[in-house]
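A.B. asks: Can you make the complete structure from the sequences, with help from the hints?
This is what each chain is made of:
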Amino acid sequence: MTRSPHDPNGSAAPLLVVEKLVKSFGGRRVVDEVSFDLAPGEVLGLVGESGSGKSTTARCVARLVRPDSGRVLLAGRDVPGAGRRELRDLRRDMQMVFQDPYSSLNPRMTVEALVGEPLLVHGLERDRRRRRDRVVELLETVGMSAAHLDRHPRSFSGGQRQRIAIARAIAVGPRLLICDEPVSSLDVSVQAQVLNLFRDLRERLGLSILFIAHDLAVVHYLCDRVAVMEHGALVEIGTRSEIFGSPRHPYTRALLDAVPIPDPVAERARARGNRAAP
Amino acid sequence: MKHAKAALDTPLLAIRDLRVSFPAPDGPVEVVHGVDLDVARREKVALVGESGSGKSVTARSVLRLDADARLSGRIELDGTDLLTLPPRRMRQVRGARVGLVFQDPLAALNPVMTIGWQIIQPLVIRGVSKRVARRRGVDLLSRLGVRDAERRFDDYPHEFSGGMRQRVVIAIAVIAEPELLIADEPTTALDVRVQAQVLALLRELADERGMSVLLITHDLGIVAGFADRVVVMRHGEAVETGPVDDIYARPRHPYTRALLAAVPRIGDDPARPLAVVDASGAPADGARRREDGR
Amino acid sequence: MSGQNGQNGQNMAYSEAPAGVAARLSGGRWTRAARRAPRSPVLERVAIAVAALMVVIAVVGPLLAPHDPYAVDLGSALRAPSAEHWFGTDANGRDILSRVLYGARVTLLATVVVIIAATLIGTLVGTVAALGGRVVDEVLMRICDIGLSLPAIILALGLAAALGQGLDSAVIALAATWWPGYARLVRTLVREVRDAEYVDAARMIGVTRARLVFRHILPNALDTLYVQTTLDVAAVMLVISGLSFVGVGAQVPSAEWGAMIAAAANNLTNGWWAVVFPGLAIMITAIAFNLVGDWLRVRNDPTIREGKAR
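Protein chains in written order, with my numbering: chain H, 1 to 278; chain X, 1 to 294; chain D, 1 to 310.
If you are wondering where the hints come from, they were derived from the structure by calculation, not from laboratory data. Even glycine gets a Cβ: it sits at the ideal position worked out from N, Cα and C. Please note that the accuracy of each hint is not assured.
Partial list, derived from the structure: chain H residues whose beta carbon lies under 8 Å from chain X [what the hints assert, rightly or not]: (1) Glu49; (2) Ser50; (3) Leu64; (4) Val65; (5) Val188; (6) Ala258.
C.D. replies: Here it is in C-alpha cells:
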C-alpha cells in the first residue's frame with residue numbers, strides 16, 4: 001500500500017494544515033504559497049538556507065506573525081484568524097522552542113518562574129506548591145533537577161538553557177512543538193544530547209514536531225519527513241528516505257551535494273566524482 | 001644540498017608549549033595550557049574544538065592579535081620566534097607572511113571604505129604602487145569568483161552578500177602572498193552551498209600558491225574534506241593530533257571518539273541514538289542523563 | 001590590515017573562551033582599559049558614605065541644628081566662624097551651620113521631587129511610545145522634542161511670573177524640562193527589550209499583554225534606570241541651586257543652599273564663610289552622588305552582569 005507523504009499513517013487526520021501561506025515584507029514575498037501537512041506524532045523538518053522563509057513560516061504557524069493570506073489549521077481550528085480567547089486555547093496546543101538559548105529566557109526570572117509561567121498563565125496549577133512540584137517533574141523529564149529551581153538563566157550553559165526552554169514549552173502539554181533552529185547554536189556534544197531529548201520526548205509524549213533547521217544531517221537524524229524551501233517557496237517535500245535517497249528537485253540535490261561528510265575517504269570520493277562528472 | 005632538505009623538513013609553523021592567559025580582576029586566567037602544534041609547508045591543518053577549547057585564542061596568538069594576552073612558550077615561523085619579535089617586525093609578518101581570514105566578514109570589513117581600497121592595503125603599505133596593487137587585487141577577486149571584479153572593486157561591503165564578503169576577506173588575507181593562512185571559522189556564518197564554495201576556493205588557493213593553512217573550526221564535517229592533519233583541542237589543551245584519515249577512522253583519545261560519535265551523519269541509521277559526551281569526556285550512552293548542577 | 005580589526009572580530013574569538021573571560025575581553029581598547037584600571041575602593045566607599053551622610057542630614061538635620069536657622073539677630077551679623085557659630089553668621093545674623101543643615105532638606109527634597117516626577121512621566125511616555133505603534137511614537141517624540149528644546153531657566157522664569165516666585169515654580173519648571181530626557185532613554189531601553197526573544201517566548205506562552213509589559217518588558221528595560229537617576233541627583237541639584245541663585249527658585253529667607261549663596265554673594269569680602277560653606281555643601285554633595293552614580297554604572301557593566309539580554 002502506498003502511503004501518500006501527506007498521510008503516512010494512512011488514516012489519522014493531520015494535526016497541522018498549512019495551505020498557500022503567504023507573507024511579504026517590504027514588497028518581497030518571504031513566504032510564497034507554502035502548503036504542507038503535519039500528522040499527529042510526526043516530525044517534519046523544514047530546511048533551507050538563509051532567506052528561504054522557513055523561520056517566517058514557523059512564526060506564522062505560531063502566530064507570532066500574521067500571514068498576509070493562506071490558512072493555518074491546528075486540529076481543525078483557524079490560527080491566523082483566532083480571537084484572543086481562541087488564541088489562548090490554541091497556545092495550549094502548540095508551543096515553540098527558539099534558537100538562541102541566551103536570549104529566549106527572561107534573565108530576571110528563576111527557572112521555577114520560567115517553567116511555571118505557562119502553568120500559571122493557563123490556570124493549570126494555581127496552587128504554588130503543586131506548581132513547583134509540577135515544575136520539578138518537567139525539569140526531570142528534560143534531564144535537569146530540583147536543584148536548578150532557584151537559579152537564573154545566566155548560571156547555566158547553552159545546552160542547559162535549551163533544556164529549560166524545552167521544559168517550559170512542554171509544560172502545558174501541547175500536541176505540536178515548533179522548533180526554530182533549536183540546536184544550531186550548540187556545541188556538537190551538547191547538540192547530540194538535545195536531539196536525543198527531542199526524540200525521547202516525541203516518543204514519550206506523542207509530540208508532533210515542526211523542526212526548522214539548516215543542517216541537513218541533523219534533520220536526517222530527527223525528522224520523518226522533510227520539506228525543502230528556497231526563496232520562500234516549498235520546492236520539495238517527502239519522507240526521509242525519499243529526500244535523502246532520491247531527491248528530485250535540483251535545489252535539494254544541490255543542498256545535499258554541499259553537505260560536508262565527516263569522513264575523509266567519502267569526501268575524497270565525492271570530490272573525484274564531482275570532477276569526473278561536472 | 002643538506003640545507004635545502006633540512007629547510008623542507010622543518011615545519012613552517014612550530015608552536016611549543018604555548019600558554020596564554022588574560023588579565024582578570026581576580027588574577028590572570030590561563031586559557032591555553034601548553035599547546036604544541038606544527039604546520040608543515042603546503043600542509044592544511046585543522047584545529048578542532050568546541051567552545052571554550054582555546055582554539056581561536058591559540059590561532060590568534062600566532063599573530064599576537066590580542067594586546068591583553070600574556071603569551072609564553074615558542075611560536076616559530078620558519079625558525080623565527082614570533083613571540084620575541086618587536087612590534088614593528090611583527091607588523092611586517094602580518095599580511096605578508098601570515099594572513100588571517102576572519103569568521104564574520106561583516107565585522108572584519110571597514111564599512112566606510114571600498115572593498116578595493118581594503119584589498120590593496122597589504123600591498124600599498126609595503127610600497128607597491130596603487131596601480132599595480134589594484135591590478136593584482138582585481139585579478140585576485142576575479143580568481144575568487146567575483147564576477148565583474150573590475151567594477152565591483154569600488155563597491156562598499158554592504159553591497160555584497162555574505163559569501164562575496166568572505167571572498168573579499170580572503171583576498172585581503174592572501175594578496176600579499178603569505179606562506180601561512182590562518183582561517184578562523186571562515187564559513188560559520190555562511191549557508192551550506194556558499195560554505196562549500198569558499199572551502200573549495202581556500203583549498204585551490206593553498207594548492208596553487210603552496211600556502212599552508214591552519215583552519216580553526218568546530219565543524220567535523222568540513223575538516224574531513226579539507227585538512228591533511230587534525231589537532232583536537234579541549235579545555236585549552238591539545239588532546240590528540242594526527243593525519244585526517246587516522247583521526248576519523250581510528251580516534252585514540254576518548255574525547256575525540258566521543259566527539260565523532262556525537263556528529264549526526266546522513267549515511268547513518270537514524271534509529272541509532274547519537275552518543276553523548278559525559279563530564280569526563282568519554283562517550284556515554286544516549287537519551288536522558290541527569291545533569292548535576294554545573 | 002588583518003591585525004587591526006574591529007571589536008566584533010575579537011568578540012567572536014572570545015565568545016568561545018570560558019564564560020567570564022569572554023565577557024571581560026569584549027569591547028574596544030578604551031573600554032577594556034577602563035575596566036582594568038584599578039578602581040579605588042576607598043574613593044568609592046567615601047563617596048557612598050558622603051552621599052548617605054547627606055541623605056541623613058536631609059532627614060534629621062533640623063534636629064541637629066544648634067540655632068534657629070531663621071532667627072534674625074542683626075547684632076551678630078557677619079561673624080566669622082567661632083565656637084558658638086561653627087560656620088559663622090550671615091548678614092542677618094543667622095547661623096550658617098544651622099541653615100546649611102536645614103538647607104540639605106530643602107535642596108535634596110526639591111531634587112528628589114523633580115527626579116521622581118521626571119522619571120515617572122518619562123517612563124510612562126517612553127514606554128507608550130516604544131510599545132504603542134509608529135503614530136503614537138512619532139507624536140510623543142515630537143512632544144519630547146518640544147520639551148527638550150526649552151531651557152529650564154526660561155521656563156522657570158515664565159512659571160515664576162505666572163505662579164509667583166518660589167521653589168515650587170522652580171521644581172515644576174525643572175520637572176517639565178527633565179522628563180523628555182527620561183522618555184527618550186526609556187523608549188530606547190524598551191525598544192531593545194521589546195524585540196528580545198524571551199518576549200516572543202512569553203507571547204508564545206499566551207501571557208496577557210499586561211503581564212507581557214509588566215513582568216517581561218519593563219523589569220528588563222528599566223533595571224539600569226537607577227544609574228541614570230543617581231547621576232541626575234547631582235545635575236538637578238546644581239540646577240535648583242542655580243535657579244535659586246539667579247533668584248527664580250527658593251526665596252529668602254529659605255535655607256536652600258543656592259539662595260544662601262545668592263544672598264551672601266555681595267558680601268564676599270566681608271563674610272566669605274556665608275558663601276563658602278553652602279557652596280562646599282553643594283559641591284561635596286554633587287561630587288559624592290556623581291561618584292556613586294559612576295560606581296553603579298561600572299557595577300552594572302554588562303561584562304559583569306552577563307545575564308542581561310541585550
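A.B. asks: For every hint, state whether the structure bears it out.
C.D. replies: Hints, one by one, checked against the model:
{"no.": "1", "hint": "Glu49", "in the structure": "holds, 4 Å"}
{"no.": "2", "hint": "Ser50", "in the structure": "holds, 6 Å"}
{"no.": "3", "hint": "Leu64", "in the structure": "violated, 24 Å"}
{"no.": "4", "hint": "Val65", "in the structure": "violated, 22 Å"}
{"no.": "5", "hint": "Val188", "in the structure": "holds, 5 Å"}
{"no.": "6", "hint": "Ala258", "in the structure": "holds, 4 Å"}
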